[in-house]
Each structure stands twice: as structure tokens, then as C-alpha cells.
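Asker: Spelled out from the first residue to the last, the chains are:
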Amino acid sequence: MKSARYSTRHNSRIPIFYWIFAAAFLALIAALGYRQIFLYDFYTKRGERQSMRRVIEPGARGDIYDRNGKLLVTNEPFFTVGIYFNEILGEFRKEYSRLKKIKFDAMRAAGETPRFKDGEVSEMTHQARANVLNRYLGMINKILGSNYEMPEDNYNRHFRINPLLPFPLIRELTAREHAILAERIPVNSPLQLYTDTKRYYPYGDIAAHVLGTVRNSDGVDSEGMPGEDLRTFAGVGKVGRSGIERAFDYMLSGQSGLKIMVVDNEGFKYEDIMDVSPKKGKSMNSSLDIDLQQVIEDSIGNRKGAAAVLDVKTGEVLALASRPSYNPNTVYKSNAEYAAAEEAGAWLNRSTQGLYPPGSTFKIVTAMSGLMTGAIDDQTVITCNGYYKVDSRLFPCNNRYGHGNLNLEGALALSCNVFFYKTGLDCGHRAIAATAKEMGLDSSTGIEIGDSPYTVVPTPEYKRRRGRGGWVNGDTANISIGQGDLLQTPLQMACMTASFARGETRTKASIVHDPTRVTDMEYHGGEKLGLTREQYETILKGMVLSSTDGTSRRARIKGVTIAAKSGTAQVTVNGRPLTLAWMVAFAPADDPKVAMSVMIEGEEPGDVGGGKTAGPIVKAAMEQYFRK
Amino acid sequence: MALRKFTAVRNIAIFAGVLAACLLAPAVVRHYTGKAFEEFRAPLDAIPSQLNDLEKFWDLRMNYSKSELIEVGRDLARLNAGYAIKLTENEALKSRVESLEKILSLPGEEKFKMEVARVARRDINAWWQHLIIRKGAAHGIREGYAVIYGGGVVGRVVKANTYTSVVELVSSRGFRMAAHFLGEDRPVIYQGAGSLSFQDARGEVRDVPADLKASTLKPLQLVTSPLAGSFPDGILIGDVIDLTLEPDGIFRSGTVRLPRTLGGVREVAVLIPVSDLMEE
Amino acid sequence: MFRKFDIRIPFLLALNLLYVFIISTVNSELAPYVCLMLPAVFIVAPALFLGFGGMLFVVGVTAFFAEATTPVRTGMTAFVWLLAAFWIHGWRYRFKTLDSLGIMGVSQAANLVIILVFAVFMKGDGAGFMQYALRLGADMLASAAVLAFCAKFTVSLPVSIMGALGLDITVSEGD
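Protein chains in written order, with the working numbering: chain A, 1 to 628; chain B, 629 to 908; chain C, 909 to 1083.
One chain only, chain A, in its complex shape (with noise of 0.2 angstroms):
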């Protein structure tokens, strides 16, 4: 028997094995190679972005100042009291391993298999979070000794979401439960205390349109920031929603601020890499003066109406008021509150918005078109009788008795309408529409803040896309007093005011102070007025004896001699008939410094009048501007 002998021949077969065992291993050594030197770039990238994370913090918003300095909006902070999950992870896990013993041990005393069932470990995972935060915010009631509930956040979907970011557990803490916190809370506690803001009005209501309000941003800015590729959590940003805060958005929005932070497997904080401060946004002066803003809507009151103040010079807005008003601290807040500001249309910023027949303040227009076409001079005297027929109607004037013989002076002091019937009539409708649309009546005063572009000056091609029949001499009656078709907005008006009290055709409103910015006509944008100085005089002598004497004589103020003309508008609304109470003013009227208009809604037919309703608000107005 041959003994077992480790045999030391060479077999040809075992060759075999080494050279694919050999190619297998080059197979192996090439792709590590392949990955480690060409595919290094693409690994560490990925590896980056797994293991890194960018959170985002919006910048604070820049303030808005009156034209004074005066300040009108900003942020006011508030605390929060946080918990950052990253640091109570160990107690999530700790709680849910409480909650699984519980649970499989209840399973065995009844005789069963202790395992989960469909959904159950999600169910136990948000049972343990809830229960390790309600311990928390127990521990918070203690020391306060108040009674707060776990917030409406879900704190799962902040788990999920936002899990880098403190997840608020009460907001806007008082000063006193800011201190005490501040105190008793030790500073290494996973509980924090941080500072957010929010939009503060001080003036409350006051000019609530004009500055407008903030929502939710939808995403924050995060262009050009490093880390675009890696995972971003965002904190909420504030964007404009309306007024000045919607129309400066660009220049009010905060500078974001920038955490690169390495997170663990899990997602949660190990440690900061980069951290880039947020800068508060660039403040805005805005031309308003509050003062004067805050006399305007007090005079206003609680009735429904509007007045825009410019300086005639440079168009600035010195005063946008819309009535009834909204207090944009509170009216997100209150549902209550909100509802009371949707039924009184309190939205409509009528400054801007609303459009109106301007009755007789319209007949400056009426006015120079007469005069520019020669249908009527300073000479010209008309019989008013109480009415003037037009085609087989009669048209009322205000004084059904009549005012006897008037020329324009006499007429545009006590509103005559059956003068400016006449003088319409004998200029006719394209000359008075081709005025109107020269005043800019019929296209943007340019205002920041956007106002409308549906303002009307009608004319036969207007009436006929309308679906209303041809035009008619009737139509060239109304709209010579202010009536039928046409629409403006009491800003418009102002500007039309402005622009007169000027000489020249157009006025650019804007909302922003800049003392630097030079103001000419080439800056309005218009031309100088088609009338003769003598025609001009004519006019404004009329506007300073309807102040005086006639029917703007409630508008009158002493030592300052004012331009007015006031005017009572109908309207229907809602088969309702409503009078419009109007004034459009200047002052002083030998060098004019401001210009405005009014316009009050009345909630009767014939409770409200142009002198009588109008008038007391622009002499508050104009008191409180030279008061200053």
C-alpha cells in the first residue's frame, strides 16, 4: 500500500485557478482603482451632501420712516421658547423603549406574541416624542406656572422637515416669562430661548393701506449661497403682501443667513462648519407725514371716505388715507376682528382704488376746456335758472332757484351747474375728454404703490363697447359737472389739483422722500398748461372765492388763502342712490405749496355735501400743514 504522501507533482490543473483567482483580484484592484482615483470627486461630493446640511435663516426687514423720521413700521422681537430635538434624541429613544416594555410586557401577561403590528412603531415613535415634549413644556409650566398646551405645529412634521431648527414650544413670551426662563432654565438645557420678529405698526391703523402688511414667504432667498447641492432647511421669511411693504419688497427683505452644519447618520447637528449672520433689510423713508395722515383719518372718522395730500412741487404723497381702516398688528390674529374688517370694506384702499364719480370738482376741467376753445372767457355770463334743458331733458342745478347771471368766477364759487351744462355743451364732449386725458385723469399718476388703471373718461367710443347705445348731448351735460361715466380716484384728483396749482398738465406722485430728487416738468412728465395767464387767473380767482364765500367756504383757515373747489356726486349703488361728498384744494393759492383731495361716502342719499362734509377735513388738513 502506497503511504499517504502530500504529493509535490505539479498538476495543470491548479494553474488554471491561480490565473482566474488572479484576474478576479485585477478585476477588484481596477474598479477600487476606477472609484478611487477618476469617481474621487464624485464620492466626496455625495459623501458631502449626506453628511452635510444648510439651514437658512431670513434677515429681519428693513424699517419704514415718515418723511420726518418719524418711524412707522419695524420689528418688533418677540421670544420664543424652543427645544432643539437633536439634543434630546437619547430621551426620544429612551421614551420609546419605555413605551415597546409596556407594551410587549402587557402582551405576555395576556398570553400573546410580543410584536408590533401594521403602523404600531410609528404610532409608539410619535407617542414617545409627544410624551418627552409634553415633559418639557410641564417643566416650563411649572416654572411659570401657567398652563400652556403643546402648540398646533406638529412637532412630527418639524421631526421630518426642520429637525436642525428649534421647534418652538410657546411663542411671544411675556417680559416676565422671558426673565424667568432667562433665569431659571440652565443655559446648557436643550430648551432655548430665542428672539423672532414680527411686523410692528405703532401707529396702528393709521395709514394701514398705504404701508401695507406681510405674509409668509413662500421659500427664502438663497441665491448665490454656498451649499446649493447640499439639503437645505429653511426658516420662514416675511415678504410683502401690500402698500409700500409689497412695492419695496426688494429693498426691505433682509439678507438670509447661512449654517453649514455636519450632521450624524440620523440627520441631527454634530457640528457647524460655516455660519453666516442675517443682516436686517435697508430702511425706506417714506413721503408721508403722519401727522398730518393721523389729523386727515381722524377727521374722517368712522365714515367710509378717502383723501390723498401731495406737495404740489415734487408730487411727493404726504398723506394717503382710506376709511374705514384695519389694524395690521392685530387683524391676522382675531378672527373676529377680521371678519368686522371684511364686512365694513375695510380692505379697499379707496385712496387708490376706489373709483368715483368727482362730481363738480370735475368742472375746473369743464372750465379750461371752455376756455381753451374759446366756448367761453373770463367775460362769458350765463342765466342760471334752476335748470337747463338739454335735448327734451331738463337738468337740475344745485339751486333749483337759480343763480341769475354768473360768469365763471361766480360760477365755479357756487358750483353752478347749469353754467358748466352750457359751457360743456358748447366746447363739446372730445374737448372736454381730450382736457381730462392731458390732466392724466385717464392713466397712472406713476405712485409706487400701484393704483388703479381703470379710471374712466368716457367718450362715445367708451359708451358704445359698453353696450350703451351712441352718445348723446345728455352724456356731455353729465360729464361736465362730474356725472355719467366718469370714474377717478381720489389721488387722481389730487394730482390733478397738484398739476394745476403748478400750471402744468401732469403730476408723478410717489410715495418715497428724496429731497435730492430733482423735480421739473420733464419729471411729471406733462407740459405747461394750454391757458393764457389771464385765463388761469380766472379760474383760480373762482377757486379762492368758492373758499371764501362760496361753497368751500367750511374749507377756509386763516392767514392762508386757499384754492378749493367742492363737489356733491350721485351715484348708485346697488339700486341704491348715495351722494359723494368731494373737495380738491391748494394753498396757498398765490404760491402753492400743497394740493388734496377728499371724498366722503355717504350711506343716505343727500346726507353728505361736497362744502358741508369735505370742507371741515381739508381745513383740518390744511391747518395742520402749516401748523408745521
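It is possible that part of the hints are untrue.
[Said to hold, decoys possible] Below 25 angstroms or equal to it, Euclidean Cα-Cα: the simulated DMTMM-like pairs (lysine to aspartate or glutamate) are:
no.: 1; chain 1: C; residue 1: Lys1031; chain 2: B; residue 2: Asp904
no.: 2; chain 1: B; residue 1: Lys841; chain 2: A; residue 2: Glu91
no.: 3; chain 1: A; residue 1: Lys279; chain 2: B; residue 2: Glu832
no.: 4; chain 1: A; residue 1: Lys142; chain 2: B; residue 2: Glu771
no.: 5; chain 1: A; residue 1: Lys142; chain 2: B; residue 2: Asp828
no.: 6; chain 1: B; residue 1: Lys684; chain 2: C; residue 2: Glu937
no.: 7; chain 1: A; residue 1: Lys558; chain 2: A; residue 2: Asp291
no.: 8; chain 1: C; residue 1: Lys1031; chain 2: A; residue 2: Glu91
no.: 9; chain 1: A; residue 1: Lys142; chain 2: A; residue 2: Glu172
no.: 10; chain 1: B; residue 1: Lys841; chain 2: A; residue 2: Asp196
no.: 11; chain 1: C; residue 1: Lys1031; chain 2: B; residue 2: Asp828
no.: 12; chain 1: A; residue 1: Lys198; chain 2: B; residue 2: Glu874
no.: 13; chain 1: A; residue 1: Lys259; chain 2: B; residue 2: Glu832
no.: 14; chain 1: A; residue 1: Lys142; chain 2: A; residue 2: Glu95
For the record, the hints were derived by calculation from the structure and aren't laboratory data.
Start from chain A and add chains B and C according to the hints.
Answerer: Only chains B and C this time, still in chain A's reference frame:
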């Protein structure tokens, strides 16, 4: 040889057991062990302080003549008389404030009783900043009570043993409190700046409204706020000579210079809320 | 271990408590500028002169005593000091001659390691890492400087006192 091996193994086992006991003993055991050693140590901390007082007494007796001591005593008596008048004025002011609070239905501020204690020992290092004072739970002192001295705030009681207490200093990083600037009622937050080498103690103030400014020529005085209820209003914390606007533009923050005398404080007063006394 | 009453145990314990008293008094005066951290002073002599059990007892009790009134977790100081003591006790034969350089060397080494262990595991009181490092560095330098002078003293003092009482105290021979 075998005995030596056995001894070595036995020693290692005992050692491992002792180490395990030090690290892993139940919280209850650790608590009572710690307490026992604290009470045992308390006299040791109190003794140097008492010896110091004795030394000062003999120093006065030996190095100052009788007439000098009498003169100093007389000056002190005059000072005390002046303070007694001020105390009477304060009492009148206090009752006036109370009646005004009643009329206006304002919540009254917490009232305090002062328990004076001598400082036994200072314990300041890279990890904590504490004072040990010679009064404790037996004198009504509890954890969380405010501690002040003639120059302002000292800190807060963090541990009250029977006859001694541990006070966390106002300069400690873990010390945080509500405050406000003198002449201003908007609250700010003060926090200690922690241990600094060879520098005067400092703190930090933050959440300062952006419209406030401070400079070396016009420093702002930071004082305690009564909002949290642990300190009365108006006790000096320190001076702020510089306020920097935070990048978010909402608040300012700055450094608080704590009084130099804080480093050498010998006697403090623990503020015991009167409401706590009444509960007892 | 406890066959006969060893007078050295209460003696060294009393000496250690005296050191605690002196060092805390000195630190009280030096605060807040610098803090002397000298755990080696309490460890080296008992580790060299006492048997295993005696060393455990003296170092352990001193540690508990020293950490009373500090915010350190009860038992933590004892844990660290006992580890150091155990290490020195294991090497005690190298220091049989009680030479100055050797004693200072082992004291400095033990002191440094203990302080670093605390530095790693304890939360600093500084506003930032730099302040913490500066403060700790200053304290460690000051402590090392003082230890350079007093390390030998902590070993020679018990020898001198015991010698004056007619008792012998040398590096422990066996456990």
C-alpha cells in the same frame, strides 16, 4: 509566589470594585455620600474665614491706638445715623409705592429679607466660579436665592447645606438673569462671560434694544430686573461701555464690566423672599 | 490588609485634609486670577507609603472631601485620583530613594494627566474655546510651578514628622 498572585488579583478586584462604586453607585447613595462629606467639610471652609476675622480684629487692636479706633467708631456711628435716616425715608417711600400700587391695581414687587453671611472661601477655576458662605439652610437659605453685596450683585445660591451655602458667581458662564439699564425699563438678558485669566470679571448683555448706545464716556449701568422675582429692582450688576449692533439689526449686545470689588468680597447678603418666609 | 492598625493611614489622611485646607485657602485668595490644581499632592505620598488598602482609603476619602461643594458628580474625583494612585503605587519601587527629581517628575506627570482628564470631560466655564484654553493653560502653568517647589515637600514632610515621632515611613514593601 501563589500568595503574591492571589494578593495581586485580590487587590485588582477590590480596586475595580471601588472604581465601579465611584462611577456607578445609585444616585441616592451618591447624594447622601456627597451630603455627608459636604457637612463634614463645612467647618473646614468656615475656619479660615473665621480666623481671618479674628486676625483683622487683633490687627485693629494691635496696630491702631484707642483714640484712632474711637474716632473711626464715631465716623461709623455718624454714617450709621445717616443710613438710619435714609432707611426711614425708604420706609416712607415704600409705603407710598404700595398705596399707589393698590390704587392702580398694579401687582406688587416681591419683598425680601436680607440674611448677611461672611464669605468662607472663593473657588474659581476653569470650570466653575463659586463662593462658599457661612450660612445655610439652617438660616433659611434655599437654592435659587439671590446674593448681593454693597457693590451690587454677587450671584445666586446653587446649593444650601446646613451651615454653608455655595453661591454661583455673577461672572460664571452658567449664570443668567433678566436685567435692564438704569433709566430704562425694557428688559435685557445678562450672562456671565466665564473664567478669564488675569482679567477683571466680565459678563455679556444681549437683547438690548437697537436704539440704546453706550460709550466709555457715557457708560450705561446695568441693574437687576424684578420681572423674574428673584432679584429686587435696581441692584447694580455692572457697567456697559460698548454696545454692538447684531447683524440682524434688531438688538445690540455688549460686554459688562463687573465691579472690581467683586473679586474681594468678604460679606454678602442673601435675599430671602418674604413670601417664602410666610409659607414656612 | 487590615491585620494591624497602621498609624500611617490616619496620619497621611490628616495631612491630606490639612493640604485641602491650605490649598483652598490659598486659592480663595488667588481667585479669580489663577487657581492652583494640585491633586498630586494628595496622591503621591499615600501611593508611595501606604499599602493598597490604606492608599485606597486615604486617597478616596480625600477625593470625596475635596470635591464636596464642587459641582463635580460625586465619585468622579475619587475615580480619577484612585486610577492615578493605583498607577503610582504600581511603580513605587522606582522611587524608593525618594529623590527630588523622581518625586517631582511623577507628581508633575500625575497632576498633568488628572487635570487633562478633567479638562476633557468637564464643561468649561469660558465664553468660547479660546478663553477656556487660556484659563486652563494659566492654571496648569501656575499649578506646575507651585508643584515644582512643593512636590518633594509633600513626601519629605511625613517622613520628617514620623521620624521625629520615632516611627519609620518608607516606600511600602508589600500589599
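Asker: Output the indices of the hints that this structure fails to meet, ascending.
Answerer: Hints 1, 2, 5 contradicted; others consistent.
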